[in-house]
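Put together the whole structure using the sequences plus the hints.
Number of protein chains: 2
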Amino acid sequence: MNFLVTILGSGAATPKLGRYCSAQVVNMDGFKMLVDCGESTQNQIRHYRQKMQSFGTIFISHLHGDHIFGLPGLLSTMHLGGRKEPVDIFSPKGLKEALTPLFELSGSDFDFEIKYHEIENDEPVAKEIFHNNHCTVKAFPLYHSIPCFGFIFEEYVPYFQLKQGVAQQYNMSSADIRMVKQGRDYTTEEGIVIPNNELVLPKREPIRYAYCCDTSYNDSLVDIVRGVDLLCVEGTFDKSMEQRALETGHCTTRQAAQLARNAQCGNLLLTHFSARYRDLQPLYDDALEVFPRTLMAEDGLVLDLDVLAKYHRNA
Amino acid sequence: MNFLVTILGSGAATPKLGRYCSAQVVNMDGFKMLVDCGESTQNQIRHYRQKMQSFGTIFISHLHGDHIFGLPGLLSTMHLGGRKEPVDIFSPKGLKEALTPLFELSGSDFDFEIKYHEIENDEPVAKEIFHNNHCTVKAFPLYHSIPCFGFIFEEYVPYFQLKQGVAQQYNMSSADIRMVKQGRDYTTEEGIVIPNNELVLPKREPIRYAYCCDTSYNDSLVDIVRGVDLLCVEGTFDKSMEQRALETGHCTTRQAAQLARNAQCGNLLLTHFSARYRDLQPLYDDALEVFPRTLMAEDGLVLDLDVLAKYHRNA
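One line per chain: the protein sequences are A and B, in this order.
For the first sequence, position 213 (counting from the first letter as 1) is numbered 213 according to the numbering used here, and the numbering increases by one without interruption.
For the second sequence, position 134 (counting from the first letter as 1) is numbered 1134 according to the numbering used here, and the numbering increases by one without interruption.
Keep in mind the hints are simulated off the structure, nothing from the lab.
Honestly, I wouldn't trust all of these hints.
As the list claims (entries may be wrong) - Calculated cross-link-like contacts (lysine-lysine; reagent style DSS-like; alpha-carbon spacing at most 27 Å):
{"no.": "1", "chain 1": "B", "residue 1": "K1239", "chain 2": "A", "residue 2": "K16"}
{"no.": "2", "chain 1": "A", "residue 1": "K96", "chain 2": "B", "residue 2": "K1051"}
{"no.": "3", "chain 1": "B", "residue 1": "K1016", "chain 2": "A", "residue 2": "K32"}
{"no.": "4", "chain 1": "A", "residue 1": "K51", "chain 2": "A", "residue 2": "K32"}
{"no.": "5", "chain 1": "A", "residue 1": "K115", "chain 2": "B", "residue 2": "K1096"}
{"no.": "6", "chain 1": "B", "residue 1": "K1084", "chain 2": "A", "residue 2": "K16"}
{"no.": "7", "chain 1": "A", "residue 1": "K127", "chain 2": "A", "residue 2": "K163"}
Predicted, not measured: the structure shown is a model, and the values here were computed from it.
Set out below in structure tokens:
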């Protein structure tokens, strides 16, 4: 399994040079998902050598401009690139109504279908909104000024691990091994059926990535993101601006670190930094005081969750 | 008078790295106007060290995405920057209907008014749509797949030029000279009234810049842009693609040069190059064969029309 998160934009409402509006790529073994799509996302996709047409599955946290204004351009470019396959977009209610007039009045007539999936979930639990043979994606409500959802990306672990020595013990072929790893029982040459659970270890814990942007700190999030390998939380403000963070539905980096600590997450990734800060070191320091395994997002940063998980799981 | 054109985006429908979608700044003695606003225009404004809030007057040629998808982000950033002054946007019918749902559903509530001015002009003549004490802007219909307008930016020439020697002859003060340059008659110390036309030369010809993007070649454009100092025409395709240009409402660079030649323009600026071309030299060569005073737009290019006009007017 190859589980990569690539930051395309780590800025907040106003982009800066070198720090664009929110967008990320979650890559599960080659299956790529786009998470949020601020203005210039298509340029960032190009800049970081991703393929425009690979983003047939898009998750939008909420409808603020800095998370969606890149969608019209990206979808247009997909069309001009000859796309025929549908694009699935998961978002809070209203995205279709927001985009359709723009496409109609600009004469955009796409050769592919945009499938809008409205996320509805009022309860403070993560509910599945998508799955395929690579991953499951769950959504949960965040605490922002308009309806907003966080996401948990959980890899699908296809294979059990063989107990040490059983392949030799039963003289299994590689085809046999594959079947057993998939969960089948094994029948010996003598016709004896060995139940699968005697041959394999439990599947390893799936690697999980949680994305919480934009949101205020709220205790209800702790149980939802508990134990994820990487928790991405917005860190719009420094700790002196906690009141302003609360009023505007945002977090300080210290609050983000408190969430990571309280939820015993493997690692914390901070993003969505206000353009007011020229130097992010104080925001980083605020978080480090609370939670040491903290990373600061930069446009272009790639995180390998296999590696991250290996280190903190063994820590 | 200081008359500058700055290219923010010189690409066509699909942006490339280093060649973004259509946007230009026309700066008339410090009064700045934005012409078209493709995605990432706000980033290009920042990159080329323009001031976001200086663009209170915006002209949109047509509603295709590569000319308007930067508006939501630019207007949002103006709002977040504390703007209170209205923004005037001149465009074909439909822009308000395209943008309003996006702003409403994304919860954008601006502290300034967007004044939408719909351009209506079916006749092949340039009609005034805007003027102030810096310039006059006229719009004329282009030949594209949806309603589309070209613009002529004409400087306002405030002063007559004094005839040589008259200031000394009548012993004028600097205040007198200013009045006469503004068109007043002059009364001598002896009480004799000298009519203004005996004191001044005609005002010099105003410098004019015409913007034609997107459009097919059409003979009706020749009279409209006749004699402008700088003619900007889209050059989406090379000359081998004339049929495709016609079908899609675009020009080859050769056709653009033919327009400049037939209209006896001072200089030609080509822009809006299809992303299919890695090397634009052949497109440039196509134009140069027909019209030598041709320039190729690059993102970040600044043209000083005073200088351009001086050279070709004296040529």
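Item to check | 27 Å limit on alpha-carbon distance, applied to hinted pair K1084/B and K16/A | outcome: At roughly 22 Å apart (the allowed maximum being 27 Å), K16/A and K1084/B satisfy the hint.
Checklist entry - Is K115/A within 27 Å of K1096/B, Cα to Cα? => result The hint holds at about 25 Å.
Item to check | Pairwise hint evaluation, K163/A against K127/A, where the allowed Cα distance is 27 Å at most | outcome: Judged against 27 Å, a Cα distance of about 33 Å means the pair is violated.
Checklist entry - Straight-line Cα separation of K96/A and K1051/B no greater than 27 Å? => result With Cα atoms ~33 Å apart, K96/A and K1051/B exceed 27 Å; violated.
Checklist entry - Going straight from one Cα to the other, do K1239/B and K16/A come out at no more than 27 Å? => result violated, 39 Å
Next on the checklist: Just to be careful, I want the Cα atoms of K1016/B and K32/A compared with a cutoff of 27 Å; is the pair within it?
Outcome noted: Holds. K1016/B to K32/A sits at ~22 Å (cutoff 27 Å).
Next on the checklist: Checking one constraint from the list: CA of K51/A to CA of K32/A, max 27 Å. Satisfied?
Outcome noted: holds, 10 Å
The structure is inconsistent with the numbered hints 1, 2 and 7, although it conforms to all the rest.
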